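Visitor: Read off the chains here:
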Amino acid sequence: MTEPAPLPKIRIRGLRKAFGAKQVLDGIDLDVPQGTSFVVIGGSGSGKSVLLRCILGLITPDEGIIEIDGVDVLRAPQREREERLEEIGMLFQNGALFDSLSVWENVAFALLAPTASPRLSRAQARVRANDVLAQVGLDASVGDLYPSELSGGMQKRVGLARAIADRPEILFFDEPTTGLDPIMGAVIDGLIVDCVKRMGSTAIAITHDMASAQRIGDQAAMLYRGKLVWQGPASSLMHSGNPMVDQFTHGRREGPITMELRR
Amino acid sequence: MNAFLDLVALIGRTVLAIACGTGAITLFALEGLSHLVRPPFYWRVFLGSLRDTGFLSLPVVALTALFSGGVIALQSYTGFAQYHAQSAIANIVVLAVTRELGPVMAGLMVAGRVGAAMAAQIGTMRVTDQIDALTTLRTNPMKYLVTPRLLAGIISLPLLVVVADILGVMGGFTVSTAKLGFAPETYIMATLNGLKVEDVTVGLVKAAVFGFLIALMGCYYGYTSRGGAEGVGSATTSAVVSASILVLAFDYLLTDLFFAQ
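Line order of the protein sequences matches chains A and B.
To convert, count from 1 in the first sequence and add 206; that's my numbering.
To convert, count from 1 in the second sequence and add 27; that's my numbering.
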């Protein structure tokens, strides 16, 4: 007798989302197994960010199913959806750090929230924030600075620290290396891989950066005009055999992917 | 015929846009207020908003009230001296300041200073994904950003108006005694005789309403802003313009409600 296949951490079926006449997501089916680091690649406007925001609950899709641990989050009661967010950490493309709060208050934001369980005192949260800052290679003295005083790379690190502070089971990364030089990009990717492996989290990252995609990902998929056109191991991204993926990963002008350019 | 239909369509679209906008703002306000009775409440954010809206607006409101009171005394003297009715000046100043000038001038000053700041701050948070980040950190953005600011507006404006009332009357007193030759004791007695509790109370009620409207406009236009720096800029302008118009419109409505015979 064969054992049933393990339940994927995230399961998406028939996901559709349109903005006006533009169909941004057009029937996405996707399984992300527990503990996997999954990378979604695709050009600008292909629907990557919308997919991520639908899973996070920031955008409501028009149709489809999004299950996390077998629970359909789109049809779950509001309270259950809010509780589900406790399992999720997100690194935004531009960091999205709160300007009015210091670095350590940003990192400890979820720990200090009235809804946090257990809720830490400010002194305890400061200690925890310093620990997490150390995990992303930042000194405790950075905690007293404000986001506007940090470089782009440091802002990404602080964003990553904030995302992992509450030890989430699922991590989302939106263009984690955009705007960084190649070395800092590799450093951030290394930190992401370390954090994901150490915590045993499931991760989904969206990126344009092929080097980053191969460093972060176990599995990868390509989104084009709202559809998943390829899925496979991230290590095979540069030689997938799929003409669309090959054109995209090698940056060729000629191929099945056409850019809509206005003259 | 086509031109007529175009005109009808334009009127229809405008009416629909106004109705949709009013509905959206009303729902936004109701949701913001509903979090006042649904814990948790973010006291730290509330106290920060109270400082920004109330304490940091004190200088601008105080100076405006002081000069306005002085101007009322001067202008009243010019007119009333022709009829030998200078003794009514203290009454006019205290009546004008407590009923109208205190709340309206404070409202307009706070609309310009605080309404713009709220719209710019929340609008910037919107276009830089900080509001989405709040959601992913299990914090309801309406509860965290809007409700404390609405309450701070409702509480701080009446406090500012108390200061504006006192300084407005002081402005009138200073001009009347130093420039127009009134005896200080006579002016103070006339002021106290003209001062009515209901005038002050209605002024404070007006201020609470203005504070709510200013915070509402700042939060609403900031929260719904789109499109980067340009979107934040137009949200800020819309917040100040709409708050200023609403302050004047509600001033009329409340005056009609409380004082119309």
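Treat the hints with caution; some may be incorrect.
Unchecked claim - Listed below are several chain A residues computed to face chain B (Cβ distance under 8 Å; list not exhaustive):
#, residue
1, Leu262
2, Asn300
3, Ala319
4, Thr321
5, Gly396
6, Leu397
7, Val399
As the list claims (entries may be wrong) - Counterexamples of contact, computed for chain B against chain A with all Cβ distances above 12 Å:
#, residue
8, Ala51
9, Val72
10, Gly75
11, Ala112
12, Ile158
13, Leu161
14, Gly254
Everything labelled a hint here was simulated from the structure, so no lab data went into it.
Fair warning: this is a prediction, and the values are worked out from it, not measured in the lab.
Cβ atoms here follow ideal geometry from the backbone N, Cα and C, with glycine treated the same way.
Visitor: Evaluate each hint against the coordinates.
Guide: Results for each hint:
{"no.": "1", "hint": "Leu262", "in the structure": "holds, 6 Å"}
{"no.": "2", "hint": "Asn300", "in the structure": "holds, 6 Å"}
{"no.": "3", "hint": "Ala319", "in the structure": "holds, 6 Å"}
{"no.": "4", "hint": "Thr321", "in the structure": "holds, 5 Å"}
{"no.": "5", "hint": "Gly396", "in the structure": "violated, 23 Å"}
{"no.": "6", "hint": "Leu397", "in the structure": "violated, 19 Å"}
{"no.": "7", "hint": "Val399", "in the structure": "violated, 21 Å"}
{"no.": "8", "hint": "Ala51", "in the structure": "holds, 17 Å"}
{"no.": "9", "hint": "Val72", "in the structure": "violated, 9 Å"}
{"no.": "10", "hint": "Gly75", "in the structure": "violated, 8 Å"}
{"no.": "11", "hint": "Ala112", "in the structure": "holds, 54 Å"}
{"no.": "12", "hint": "Ile158", "in the structure": "violated, 9 Å"}
{"no.": "13", "hint": "Leu161", "in the structure": "violated, 8 Å"}
{"no.": "14", "hint": "Gly254", "in the structure": "holds, 14 Å"}
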